[in-house]
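From just these sequences and the hints, can you work out the full model?
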Amino acid sequence: MTERPSRWLSGFAALTYAFLFAPIVILVIFSFNDSRRVFIWQGFTLDWYPALLQNDRLLDAVWITLQVAALAVVGATLLGSLLGLGLARLRFRGSGGVQTLLLLPMVTPEIVVGISLLVFFSQLFGWNGSMGQIALAHITFCISYVAITVRARAASLDPAREEAARDLGASAVGTFRHVTLPLLAPAIAAGAMLAFALSVDDLIITSFQAGVGSTTLPIAIYSSIKFGVTPQINAISSIVIALVGLALLISWRVGAFRGPSARPVDADAEEGSA
Amino acid sequence: MSVPFESHGESVPEIRLSNLTKRFGDVVAVDDVSLTIGSGEFFSLLGPSGCGKTTTLRMLGGFDLPTSGRIELRGRDVTRDPPDKRPVNMVFQSYALFPHLDVAGNVAFGLRRRGVDRREAQQRTGEILDKVHLAGYERRRIHELSGGQQQRVALARALVNEPQVLLLDEPLGALDLKLRKRLQIELKRIQMDVGITFVYVTHDQEEALTMSDRIAVMHHGRIQQVGRPDDLYDRPTNSFVADFIGSTNLLGGTIEAVEPTSAIVRLNSGDRCVVATTGARPGQTIQLSVRPESIGISGANGRAADPPGPDYLPAQVEQVAYLGSAVQYLVRTHGGLGLTVLAGKNGSRFASGDAVALAWSPADALILGDRAEAVVEEAS
Ligand SMILES: Nc1ncnc2c1ncn2[C@@H]1O[C@H](COP(=O)(O)OP(=O)(O)O)[C@@H](O)[C@H]1O
Ligand SMILES: [Mg+2]
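Residue numbers (our numbering), protein chains in the order written: chain A, 30 to 303; chain B, 82 to 461.
These are calculated hints, taken from the structure and not from any lab test. Quick caveat: nothing in here was measured; it's all calculated off a predicted structure. There could be a bad hint or two in this list.
Cut-off 20 Å, straight-line C-alpha distance, at most; resulting in silico cross-link-like pairs (EDC-like, lysine to aspartate or glutamate) [stated by the list, open to error]:
1) B:K262 with B:D274
2) B:K166 with A:E192
3) A:K255 with A:D230
4) B:K166 with A:E191
5) B:K259 with B:E287
6) B:K212 with B:E267
Put into structure tokens, the structure is as follows:
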């Protein structure tokens with residue numbers, strides 16, 4: 030029953046994509062513009078990319094961003110994976126509610142999350158902005174994404190595999206290490222990449238947690254825009270887009286790689302009783 | 082009854098289940114099952130889907146804890162032991178192979194967990210793969226194998242540990258008929274070869290009859306009958322077993338007259354027949370099982386010569402089906418009783434509408450035990 034997509038539909042899809050990506054394409058193009066300010070094409074140049082290496086403020090911001098991302102990825106992956114596995118496995122009173130709660134950080138306006146974290150950290154701990162605080166904030170909003178990715182995979186695994194491991198003499202810990210973890214690995218890796226992409230480009234939540242000496246790249250870019258968009262900004266933005274795009278691509282590739290199969294290949298003939 | 086010493090010849094059974102019961106909420110999946118299984122036996126749990134076979138097997142393997150009852154292996158109580166502490170291995174219905182490991186990694190998994198060193202594990206893996214005809218497949222990934230090959234890897238992965246007992250949950254259920262037939266024979270060969278006790282779960286009566294030394298027929302979580310394949314077929318103790326093992330005609334009726342070794346039964350349809358029995362009481366309601374192949378069918382005119390029975394039922398053919406090696410007739414007696422008759426294809430043929438005479442030897446009409454009293458319904 031597969032029909033060829035109608036011409037209208039393809040046209041509409043193309044338009045939507047153009048709408049989505051035209052700004053990014055323009056930005057990337059103008060990172061090669063041989064002109065200081067104006068949005069007028071003056072000729073092709075690669076000068077703005079090496080020039081970035083001279084910009085210490087920007088390089089510092091990149092370094093901080095990467096440190097924050099590393100902490101956020103490690104923290105969110107660890108906690109999110111355990112949470113995802115737990116949610117897939119444990120059935121308890123109100124487990125449905127807890128599952129839904131997991132979506133909340135994803136749909137809550139970032140500004141609300143940013144403010145609430147700021148209030149939380151400053152009121153309870155008297156913190157007023159640091160790299161550690163940013164990393165903690167990133168961990169909190171990345172956990173959901175990792176947990177949801179891992180939960181989906183864990184729920185699709187045939188529980189008989191772990192029973193088989195126990196049956197063959199593995200302890201509970203051995204079963205986790207030798208069977209559960211390897212089977213979840215693609216989802217964990219996908220979640221980590223997602224966390225990386227989210228951490229690297231977050232502006233709003235981060236800006237509430239940043240203090241002196243903890244300016245991340247998005248903040249640095251945002252503040253320099255006040256003095257006008259320079260091709261250098263375009264260049265660094267292009268690099269960030271490439272980096273985040275790569276992370277998403279990897280996340281998608283390993284996530285789509287359902288292992289040889291998450292479910293038993295031949296045993297689709299389930300017993301009628303189950 | 083005190084026996085001072087155990088007799089020397091008597092050995093402890095390989096497996097003893099005592100009053101094993103498992104409830105899931107309100108559902109009684111396994112209901113008061115008691116069994117003993119001998120060493121080296123090929124023992125099958127047979128019954129329709131949902132009758133509690135898998136649950137029984139899972140309790141043996143340690144994956145489900147019984148609600149009550151006891152499991153002993155060679156006299157040792159293992160009822161509450163976890164799976165990794167039992168000398169038992171399982172072949173799962175879904176095979177449950179590890180997709181992140183190759184064939185050798187799967188097979189050696191149990192050996193490695195039990196601390197067998199790499200060299201020996203490799204050697205024993207090679208030997209067992211040889212035994213299941215998968216030599217040379219060590220480095221293959223699981224998803225590169227066919228269903229039948231995966232099934233054999235699952236078998237090898239369990240057997241390599243040399244368990245006391247191997248549990249198999251419908252291991253051939255996902256395979257096509259031809260492959261299943263071949264693997265049935267192969268599985269039986271392997272079992273005799275390794276001499277390990279097999280507890281085999283299946284809903285396929287033919288499979289159970291082909292492979293098993295003994296079979297327990299289950300229904301609604303209860304054991305209906307335990308016996309050798311021919312016992313179950315020739316001497317079913319109730320209508321469920323009679324109907325589930327092979328197919329049969331179940332006829333309700335009342336004992337009308339009693340003779341020393343036989344009785345005359347008045348069937349609910351009004352027809353009469355003779356059964357071989359001792360100790361029947363006149364007026365007793367009973368249920369009879371008559372196998373389709375035990376019923377002789379002949380033309381209504383030539384009836385005196387052909388069938389061996391002392392009595393006969395006049396009937397009319399309603400449907401004819403050629404089954405290749407035999408002909409199946411659906412007939413209806415003048416009393417309105419519907420029967421299935423299986424006749425050799427070399428005998429005389431009848432067409433639908435033909436008047437025929439049916440007869441069976443009194444010994445082939447089996448009076449069924451427990452349900453005899455309860456059955457009122459006619460089997461037409
Ligand atoms: N984990 C479970 N939770 C609830 N009910 C179950 C569970 N496992 C089995 N049952 C029920 O117990 C009964 C027996 O199931 P099972 O042992 O799988 O039967 P079989 O293997 O003979 O098809 C069925 O009614 C089934 O629905
Ligand atoms: Mg089952």
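Consistency of the hints with the structure:
1. B:K262 with B:D274: holds (19 Å)
2. B:K166 with A:E192: Distance of about 13 Å is within 20 Å: holds.
3. A:K255 with A:D230: holds (19 Å)
4. B:K166 with A:E191: holds (15 Å)
5. B:K259 with B:E287: Holds - the C-alpha atoms of E287 of chain B and K259 of chain B are around 14 Å apart, at most 20 Å.
6. B:K212 with B:E267: holds (10 Å)
Of the numbered hints given earlier, the model fails none.
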